[in-house]
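Here are the chains, one letter per residue:
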Amino acid sequence: EAGVVQSPRYKIIEKKQPVAFWCNPISGHNTLYWYLQNLGQGPELLIRYENEEAVDDSQLPKDRFSAERLKGVDSTLKIQPAELGDSAVYLCASSLGLAGGYNEQFFGPGTRLTVL
Amino acid sequence: DAKTTQPNSMESNEEEPVHLPCNHSTISGTDYIHWYRQLPSQGPEYVIHGLTSNVNNRMASLAIAEDRKSSTLILHRATLRDAAVYYCILRDRGDSGGSNYKLTFGKGTLLTVNP
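Respectively, the protein sequence lines represent chains F and C. In the working numbering, each number is its position in the first sequence, counted from 1, plus 25. In the working numbering, each number is its position in the second sequence, counted from 1, plus 34.
Since the hints were made in silico from the structure, they are not lab data. Be careful, since some hints might not be right.
[Stated by the list, open to error] No more than 30 Å apart at the CA atoms, straight line, and that leaves these computed lysine-lysine pairs for DSS-like:
#1 F:Lys40 with C:Lys103
#2 C:Lys136 with F:Lys36
#3 C:Lys136 with C:Lys37
#4 F:Lys103 with C:Lys103
[To be verified] Over the 12 Å line for every Cβ pair with chain C, so calculated as not near, a few chain F residues:
#5 Ala92
#6 Gly97
#7 Ala118
[Unchecked claim] Derived Cβ-Cβ restraints for the label pairs, each shown as a range:
#8 F:Gly65 with C:His110: 43 to 51 Å
#9 F:Lys40 with C:Glu79: 31 to 39 Å
#10 F:Asn63 with C:Met44: 38 to 46 Å
#11 F:Thr101 with C:Glu79: 18 to 26 Å
#12 C:Thr64 with F:Ala45: 36 to 44 Å
#13 C:Ser75 with F:Pro86: 36 to 44 Å
#14 F:Glu129 with C:Met44: 22 to 30 Å
#15 C:Thr64 with F:Glu129: 15 to 23 Å
#16 C:His53 with F:Leu64: 36 to 44 Å
Quick reminder that beta carbons are idealized off the backbone N, C-alpha and C, glycines included.
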């Protein structure tokens with residue numbers, strides 16, 4: 026069974042340029058998460074989707090970050106324009122989203138972004 | 035969010051048991067204790083979780099103190115592949131109160147396994 030797929034794995038851009046990350050969750054997983062991980066820190070949640078609906082985007086910097094999950098399957102996270110401080114690993118995770126059950130999160134390998 | 039405290043780093047020898055401690059003195063009655071780990075250049079992966087009773091699975095054991103203010107992740111025989119950052123996390127049920135939850139990661143414990 027394929028895990029969470031993310032692309033690209035690495036991205037180098039100059040500041041003020043736009044960038045997009047793509048995530049395909051595990052088949053059948055209703056819940057999708059985007060996390061940001063700075064060097065030496067644990068991941069921090071940016072946004073959580075349940076199907077197409079963003080149910081928690083309180084930590085997403087909405088002035089430059091946007092995300093979408095139009096058909097409730099794959100998702101795209103965009104930064105426009107990128108700043109030097111956005112250099113980090115962007116992780117996508119998914120879970121089944123079963124009501125009343127334990128929903129383990131499965132993480133992808135992440136996209137390492139470097140902003141020059 | 036209830037917070038956890040873990041040592042920054044620990045070291046062990048291959049094939050020896052490892053006990054990774056976690057303090058969570060402000061845990062609430064409905065908080066689950068989760069452990070995830072992150073191998074180099076990979077995303078985190080689930081290890082184990084529990085509420086009150088000790089738990090065992092194929093990867094590890096989780097020992098929870100009677101007052102639930104601390105817990106210990108036990109790797110029974112460390113291998114080189116167990117070298118990772120281990121995160122102890124208390125579940126945040128979020129505003130929905132349902133089964134979907136937010137994981138609030140700290141810095142974790144960097145485990146080094148010596149051959």
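### Message
To test your reading of the hints: which numbers does this structure violate?
### Response
1, 4, 7, 8, 10, 13 and 16
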